[in-house]
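Asks: Guided by the hints, dock chain B onto chain A, whose structure is given.
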Amino acid sequence: MKAMKTSGYPARRDVLRFGAASAVGLALRSRAAAASDNTFAKGGGSGPLRSAGALAFGPDNVLFVGDIAGATVHAFVLRATDVTSQADLELGNFHNFEGRDLVRGLDQKLAALFGTTYDQIVVNDMVVHQPSQQIFMSVERGRSTDALPAIAKVNHGELEVLALDQIPHSQVGIPNEPDPKAMLEFDAQRSFAITDVKYYNGEIFVTGISNQRFASTLHRIPYPFNAQMATCTVEIWHPVHGEFETRAPIIRQLIKEVQGEPHLFGVYGCTPLVRFPLASLKDGAHVRGDVIGELGYGANPIDMLTFTDPFDQKEYLLVTIDTRSASRIAVLDLGTAKPEPTGGSIDFGPGGLGRTQGLLPIIANHFALLDPKWAVQIHRHPKTGYRLDVSTLATPYFFERRDGMSEMNWRDGPDPFDYRQHRGEISTGANR
Amino acid sequence: MNTRVTILPLLRVDGDSRQPASCGVAVCGLAPDVMVSLGGCVRARGLLRPVLRVTVDRTGTPLDDILPDVLGCHSVFEDGIRFTPHFPFERGLSYRASFDPRPLGRPELSDVLTLKFALSREQSASPVAVKHVFPSSDCLPENLLRFYVCFSGPMQRGRVEAEISLLGPDGEPAPDVFYRAPVELWDRGMRCLTILLDPGRLKRGVGPNRELGPPLKTGREYTLAVGAGMTDLSGSPLPETVHKRFRVTSAVREPIAVEQWKVLPPKTNSRQPLVLTFPRPLDWALLAQTITIASACQDSIDGRMEIDQCEKRWSFIPASPWAAGSHHVRVASSLEDVCGNSVIAAFDRPLRPGSELAYEIGSRSIPFCPV
Chain A
108 MKAMKTSGYP
118 ARRDVLRFGA
128 ASAVGLALRS
138 RAAAASDNTF
148 AKGGGSGPLR
158 SAGALAFGPD
168 NVLFVGDIAG
178 ATVHAFVLRA
188 TDVTSQADLE
198 LGNFHNFEGR
208 DLVRGLDQKL
218 AALFGTTYDQ
228 IVVNDMVVHQ
238 PSQQIFMSVE
248 RGRSTDALPA
258 IAKVNHGELE
268 VLALDQIPHS
278 QVGIPNEPDP
288 KAMLEFDAQR
298 SFAITDVKYY
308 NGEIFVTGIS
318 NQRFASTLHR
328 IPYPFNAQMA
338 TCTVEIWHPV
348 HGEFETRAPI
358 IRQLIKEVQG
368 EPHLFGVYGC
378 TPLVRFPLAS
388 LKDGAHVRGD
398 VIGELGYGAN
408 PIDMLTFTDP
418 FDQKEYLLVT
428 IDTRSASRIA
438 VLDLGTAKPE
448 PTGGSIDFGP
458 GGLGRTQGLL
468 PIIANHFALL
478 DPKWAVQIHR
488 HPKTGYRLDV
498 STLATPYFFE
508 RRDGMSEMNW
518 RDGPDPFDYR
528 QHRGEISTGA
538 NR
Chain B
116 MNTRVTILPL
126 LRVDGDSRQP
136 ASCGVAVCGL
146 APDVMVSLGG
156 CVRARGLLRP
166 VLRVTVDRTG
176 TPLDDILPDV
186 LGCHSVFEDG
196 IRFTPHFPFE
206 RGLSYRASFD
216 PRPLGRPELS
226 DVLTLKFALS
236 REQSASPVAV
246 KHVFPSSDCL
256 PENLLRFYVC
266 FSGPMQRGRV
276 EAEISLLGPD
286 GEPAPDVFYR
296 APVELWDRGM
306 RCLTILLDPG
316 RLKRGVGPNR
326 ELGPPLKTGR
336 EYTLAVGAGM
346 TDLSGSPLPE
356 TVHKRFRVTS
366 AVREPIAVEQ
376 WKVLPPKTNS
386 RQPLVLTFPR
396 PLDWALLAQT
406 ITIASACQDS
416 IDGRMEIDQC
426 EKRWSFIPAS
436 PWAAGSHHVR
446 VASSLEDVCG
456 NSVIAAFDRP
466 LRPGSELAYE
476 IGSRSIPFCP
486 V
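So the protein lines, in turn, are chains A and B.
In terms of this note's numbering, the first sequence opens at residue 108 and continues consecutively.
In terms of this note's numbering, the second sequence opens at residue 116 and continues consecutively.
Incorrect hints may appear among the rest.
Simulated crosslink set (SDA-like; lysine to any residue; CA at most 25 Å straight-line) [what the hints assert, rightly or not]: (1) A:K305 with B:R295; (2) A:K490 with A:V438; (3) B:K427 with A:Q296; (4) B:K246 with A:F414; (5) B:K246 with A:K490; (6) A:K490 with B:R274.
Hints are computed from structural coordinates only; laboratory data are not their basis.
Just so we're clear, the structure is a prediction, and the values are computed from it rather than from any experiment.
This is chain B alone, in the form it adopts within the complex:
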């Protein structure tokens, strides 16, 4: 007696579920004659779409209109078909796949198979937290231009306006103190956020400054609050709201005076650090990329730098011991202090006559010799 074995089609997630980019949805176990019909569907352009579909289980709030299926492409393999999404399936999100063979017109294949699936979320290591807020000092000038808020991991954009505030001396959020940038200003790794105070209120004579005054008032205490509602890459909030308290000192409206820097020369043939100290704090981000060390025979000496003492000290440890002879500290003109005053000019400066307009590049140079 012959036994007829019927292979039932199987609908499954295809790929390594630990790597969403490899995942699709496949139906397999289709009989050879069904595959012939499927080939006809492929030739008939687009008819595979109603046969194998994937939708998001819930995209959000209800809409009185039909939502499209997940975008992707279909491919035919030996005993089945595969749907590959345009963008990888998201971890933790629930999807619904369906295999509806009825358009194939085969009476023995009339059952619609459905599959609800979700790729498991990655176990996030430690929760992301605020690592540092720059400027580090708790005394900041009245015309402070920006804060940098650095996080221990990548964050999501879109919540800055709601979550970051400046609390006034009364503990209430001070209104209209930040510049609303057209896009949130994150670094490429989404770990460091730049918050600008409203330049319109910092610049003397501009409407907001005349009407509302500077965003900060000398002598008062403020708190920068980074709300717990800031979310990391996985969508998790911060463990807690972070506060940076500071007292406001008088405004600084003059260029960076490089000639006032103190240079502590290192010893020849040592790898002692070269130390620069500044009379007032400089911009943390720009400090890291505007100072280089040159020797008589080398344009830029390799080494490692450190910034500390509330951005008032910059140290450089060379990769190789210091040679004797003349060296230079080169300071690019783009270096700024915490108020946006550069090596060339103050952030808020008197108008120059048109004829004095010049392209401002170049650098300052401080000579020193290892001792």
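Next comes chain A alone, as it looks inside the complex:
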């Protein structure tokens, strides 16, 4: 396995590096020919972004970017040249669940690209463009008012940066200013930290947390953007909190059709899992969601997605959590789970679907699905703490097998998945 990787990988990478260089050269040539390079006069290479946070893809290559500093959600319509198919990329050996590093030392490489040191690099979110399986990341150089945002992408192991000022773009402001009629002076102190942006059926859903109001506000915005926007406030009751209401902010969300109706599933800090029928989220409405799970307190959700287990063909919700293993819950149960009773007896949790959640050993800064068999994570390498890597994990177990010993590698060890027969195989577009 090891020998195969070291012999095959550099050659491929050299070829691809040349390809990447050519692509950048093309862009440079067109600028030089234009004989004017005033890109930096209006905010550097960040285009319309003032910051780069939550990412989501919509149809037709639209990339949504949550911009906290700009109090805006941007929509970039990526052109064919902005996306490169990664279908031929080696993702790992599925027969022994061994993933591979797609980028080693992500923060150091981004620092080198952006002319800084790695401690000034922040990777805020990651998303996969499913048709091409290309990874996109929202990145910032700097940690203060001088932070410069960018959208980076991985092209066959090499980092590239989107030329945001050249991509067709539209944007929508997220209302967060206090009512001007209700204040005497302009106050720039209020900020709304967008925690998640999701696209569903012609609309985006934006959640976030204010620095001044501990409340849950959800924005539902049609795309393409027009003047319309629905803003609702949502509240829940805690399953272990039988008598009192909670107006906590949703941290991560997912929209999914269950039992024939689309629902928004939200995970909160301290991790209640809550279900809202999409139809109830109307402008001006104050909506109370059904708490259907208590995933355990003292934690924040990081990513929320669904995947199909290739072995049992069932669909599962996966929530990665910052302080512990990820939660796995059957999607079928999301629709049928009864709301936790109100006014009932106190339950210390985990409650509801939290009781039956499976735990998966994912400790990732960011996590996304690449294809039905592989996921990708950005994680701190456990044995080389200074390395932030982008690497693949095999579905449905999502464990970093390379970090441990496995009996499957031993000559007489058990071989339930025919690993020895497929020892040299790497999963690419051809045999995935």
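Replies: What follows is chain B alone, placed relative to chain A:
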């Protein structure tokens, strides 16, 4: 006798070094026939990249992989080429530029020029310090929801969890008392930080509250410590760790009672302040944006406000003298006290039946007449 003058290429930082956004790296003094070759490189797409490169001298800890060059674009001018970085060069950071003419295939140009450079750091004025911590009072209720820590200049994010702690009566950091927000909650100017106490411990009946109790205990003394390791925009630490000591009083779990506010009406035709005093401290940030004054003919009177007496007093000085007649103090429903109790409801309130759910907007109004 003819003297042949050879102009040697020169590699230099191009632009005003006081303004990093204007800076690039340029090689100039290239002979006209070299420029013709360079034009060919431009046409050949991307071949200028190995000719003029910039790298960061050190990006951090070593990596067993090749680091990319600084991203940027090349442009050709009369007698040279210029590299412009995607993001401006950082002050104080050391870069290495190289001009390697060998890909141009000109035998007379084979020397690789290198240049190590750094743009000088700005002389920062006075060091950034903690200006104020709100609530200002040194007696705070057991169910206090948040602190605001205000700095005299913009700060860097990323150090709050490590640097800000709540020291218990024993002087040791109390564990699990703060809400770990998914992102640090700064204002847009990065000068004011919001620290929330864990709502899970504040709300009665929630698991953390049942298991760990409220984050603060009535009658005890605590200290909010803002560590010197908090760094400002330039990366400099605070001059010293800042401590805010306070004693804990009993919890407040009721809505703000606007009817209990005292209104001190000003004199007609004067610019005396209108003064509101509250029986208990209100949220500093929300006070600044939820109270307006209306007259019979003006929706919102222009003026200036002041908040003092530990956020128990709000004063308004009108831009023009007070007119006679009926006025109103308008209080938006989003105003909260230091525990998150709003004008409408307590932060931690009994569950209402579903049918009573209503969108809570609107405002309270207090009439007054200048005397």
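Asks: Looking back at the numbered hints, which does the structure fail to meet, lowest number first?
Replies: 2, 4, 5
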